[in-house]
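Trainee: So the chains spell out like this:
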Amino acid sequence: MLAYILRRILATLPVMGIVVVFVFLLVRIAPGDPAAIIAGDYATPENIQKIRVGLGLDKPIHVQFGIYVMNLIRGDLGRSLHSRLPVRQLIQQRLEPTVALAVSTLTFAILMAIPLGILAAWKAGSLIDRAVMVFAVAGFSIPVFWLGFLLIYGFSVKLDLLPVQGYVSFRQGFLPFIQHLILPTVTLGLIYMALLARITRASVLEVLQSDYIRTANAKGVRPITVLFVHALKNAAVPVVTTIGVGFALLIGGVVITESVFALPGLGRLTVDAVLQRDYSIIQGVTLIFSFVYALVNLLVDLSYTLFDPRIRY
Amino acid sequence: MKRRTVFGMLAGLLVGMLLVWAGFASAQTVRAVMHAEVRHLDPHWTTADITQVHGYMIYDTLFALDEKGQPQPQMVDTYRLSADKLTYTFTLRDGLKWHDGKPVRAADAVASLNRWAVKDAAGQKLMARTASLEAVNDKTFVLKLKEPYGLTIRALAKEYSYVPFILPERYAVQDPSKPFEGDVIGSGPFMFAAKEWVPGAKTVYVKFKDYVPCKEPASYYAGGKKVNVERVEFVVIPDQSTAVAALGKGEVDYLQRPHVDQWPLLRKDSNVGMYRAEVLQMQIHPNHLVPPFDNVKARQALMLMVNQQDYLRAIAGDPENWRTCYSYLGCKGWLETDAGSDLLKRQDLEKAKQLLAEAGYKGEKIVVMAPSDYPTINAAALTTAAMLRKLGVNVDLQAMDWGTLTSRRPIKDPPSKNPAGWHIFHTTSGYAALKDPWGHANISTACDKAWFGWPCSPRATKALEELGNLAPGTDAFKKGLSEYHAALMENIPYVPLGEFFGYAAYRRDRLSNIIETPLTVFWSMVKK
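Chains as they are written, first to last, in numbering that gives the first Met the number 0: chain A, 0 to 312; chain B, 0 to 527.
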């Protein structure tokens with residue numbers, strides 16, 4: 000197992016190398032000039048050029064790449080072209096809200112979706128099953144921003160139960176932390192809930208056709224035990240895969256939800272960096288996301304061994 | 000008394016103290032949603048308005064404009080001009096301190112002005128006429144001119160980018176092509192809370208308790224900058240609807256520039272007050288180097304194509320949100336004139352078509368850049384595209400983000416040679432810039448050295464220079480102003496599309512004493 004883990008980690012290195020080169024070139028090929036954006040609207044072409052030189056953006060591209068790679072080897076992701084703060088610090092500032100939203104969203108989605116999916120599979124073909132599937136379709140179809148605005152209007156503006164926007168760290172109080180997370184969690188969670196419920200239903204439905212389930216039923220095992228102990232465990236692999244992919248996507252940032260609720264997460268950091276042509280941040284977050292994806296994939300693959308003892312690495 | 004009762008009372012007292020503390024803390028904190036995020040901290044490095052706002056929070060200036068548009072001493076206590084009008088001697092006020100406690104010295108002022116003038120148009124004009132600028136002692140510095148220059152004090156009181164903020168000398172001597180390195184230390188009424196800065200999310204300022212305001216009452220950017228709150232937070236809320244909802248619920252106290260779509264909603268809320276914070280002029284900028292707009296007849300065609308009311312309705316909606324204005328230099332200001340503006344006052348599409356043909360236009364594609372992430376500018380671009388099509392022009396309307404537009408507009412090549420080339424873009428200028436043509440880059444007619452579009456008019460350039468040497472209010476000045484404006488109308492560096500307003504919104508039940516400036520200032524403001 001350890002050898003497998005090491006092999007997988009080593010295998011990510013060439014992938015991340017390709018990502019480094021690809022993103023470095025892509026941001027510089029794309030139209031847009033960070034020096035012009037920094038200089039502002041009233042700046043003259045001469046002032047823009049001065050800024051370009053000051054940031055080292057006038058150097059040949061291979062020189063810029065060399066400097067970047069040397070810094071990367073030392074663990075330095077560089078500095079934001081705009082704020083001049085270390086990219087690592089900027090990412091760290093945004094990590095807590097992003098992780099908080101990701102964890103709360105997935106927790107909410109898992110707690111709601113898995114029982115719903117199992118229920119739908121158990122009562123396949125019934126009204127309950129149809130209701131769950133309609134909910135799943137609605138969940139995919141509803142635009143996130145629309146749902147977010149609706150929830151803000153209802154629960155914040157009209158009922159005055161929850162705040163409209165913002166993020167409060169749990170260090171500043173657990174209650175305000177939770178209060179600020181509820182609406183964004185429900186907004187995002189409903190969509191993941193829809194997806195997870197559907198995947199769970201399909202997977203459990205397949206497993207429920209198995210011989211061992213028929214045997215368990217014939218032996219008089221309680222339905223809840225059949226569903227949650229025998230069926231769910233064997234149906235878990237695709238569900239866990241979906242959860243893993245969902246977590247990686249959430250960490251990557253859900254910019255629409257972050258924008259609607261003014262959450263200072265990694266999604267907004269990335270989009271703002273793209274709009275501002277802040278090359279250092281774009282490169283840094285892309286690298287981090289690649290690593291997170293690779294790590295999540297590894298953890299998901301390792302988790303299969305918990306559900307299926309036949310899988311061994 | 001039972002122990003339980005005592006504990007209950009103590010607990011209640013503690014909770015009460017916490018609630019009171021929380022209430023006290025929030026009453027002293029103003030939470031403002033500004034039009035952009037503070038990303039750059041060096042106001043001599045970037046012209047971004049939000050960085051100038053940041054500058055007004057933590058820095059001070061030698062002079063500043065009052066509500067009548069007159070320069071008033073700020074950090075300067077007294078100044079005198081020699082009889083030959085060549086030597087200014089400035090003495091700083093007592094009690095000026097940096098946020099680290101060190102005293103402000105004349106050497107700081109000298110270094111800061113030198114740094115500011117490297118990039119600023121008004122500063123460059125001043126320094127071109129300067130023989131020397133030196134500190135005599137810690138409180139006094141002397142500016143010696145090569146020739147009399149009537150705009151000296153006005154340049155030092157410049158209110159918009161680049162504002163001549165005074166930095167500590169050790170920062171001001173650094174290369175202005177890079178942002179200064181080091182802690183953010185100013186001598187202004189607020190201090191920058193660096194540890195709490197989350198670029199793109201939150202910027203925090205705290206009251207500088209050792210700030211010594213001028214004795215005069217606050218007036219526009221001048222006068223006594225008395226701070227009445229403990230803390231100001233610039234909070235980033237990217238979505239306008241969310242920001243308006245947050246203001247309505249009291250989660251924030253101030254919105255600097257809510258979008259025009261939100262104004263009716265804000266006006267309905269009895270807890271919300273609004274004031275006109277700024278006046279903006281929308282402009283069509285043709286590329287003077289590229290046919291057909293290298294021919295003045297094509298630029299005249301653009302002018303005749305325009306009906307300002309159509310544009311302003313598209314940009315700002317209801318007529319209460321805009322006004323027509325046929326002056327390059329702003330309406331209702333000290334430089335208002337409409338000399339030579341006949342072409343702008345009437346729309347004549349047939350004549351415009353004729354002029355385009357005379358300029359040699361034969362149906363080639365005209366590239367109009369439209370920044371879809373700037374609603375007002377995008378509205379103007381779409382209107383221009385529609386009007387050009389009415390003239391029979393083959394329009395290539397290219398949607399892009401502002402970042403792409405700013406990277407393309409320095410390109411001088413025609414689109415036929417360079418796919419990134421362009422014919423037309425739009426932008427705005429604030430009222431502060433319009434009434435300061437000496438410092439306003441957009442209106443430069445200095446040919447190769449001009450702003451994007453590269454208008455070239457030696458007549459206008461000379462007229463502006465000469466106007467700067469005349470005393471305002473005199474007949475000679477009025478004559479010079481007419482000559483300058485007529486020269487602009489002859490060359491048409493850009494087409495002015497009238498003026499629309501920017502409003503700020505605030506919780507009237509919480510905030511009062513707001514000074515109504517285009518770049519919001521937070522001194523004087525009181526929070527209940």
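Hints were generated in silico from the structure; no laboratory data involved. Hints may contain errors.
Stated by the list, open to error - Mimicking DSS-like on lysine-lysine, the simulated pairs with C-alpha atoms at most 25 Å apart in a straight line are:
#	chain 1	residue 1	chain 2	residue 2
1	B	Lys84	B	Lys478
2	B	Lys101	B	Lys267
3	B	Lys225	B	Lys248
4	B	Lys478	B	Lys208
5	B	Lys477	A	Lys157
6	B	Lys225	B	Lys214
7	B	Lys208	A	Lys58
8	A	Lys58	B	Lys84
9	B	Lys84	B	Lys527
10	B	Lys96	B	Lys84
11	B	Lys411	B	Lys296
12	B	Lys194	A	Lys157
Unchecked claim - So the derived label-pair ranges between C-beta atoms look like this:
#	chain 1	residue 1	chain 2	residue 2	range
13	B	Asn393	A	Phe169	55 to 65 Å
14	A	Val14	B	Asp317	51 to 61 Å
15	A	Val291	B	Ala192	49 to 59 Å
16	B	Glu66	A	Lys157	53 to 63 Å
A virtual CB, placed ideally from N, CA and C, is assigned to each residue, including glycine.
Trainee: Which earlier hints turn out false for this structure, listed by number in ascending order?
Mentor: Hints 2, 3, 4, 5, 7, 8, 9, 10, 12, 15, 16 contradicted; others consistent.
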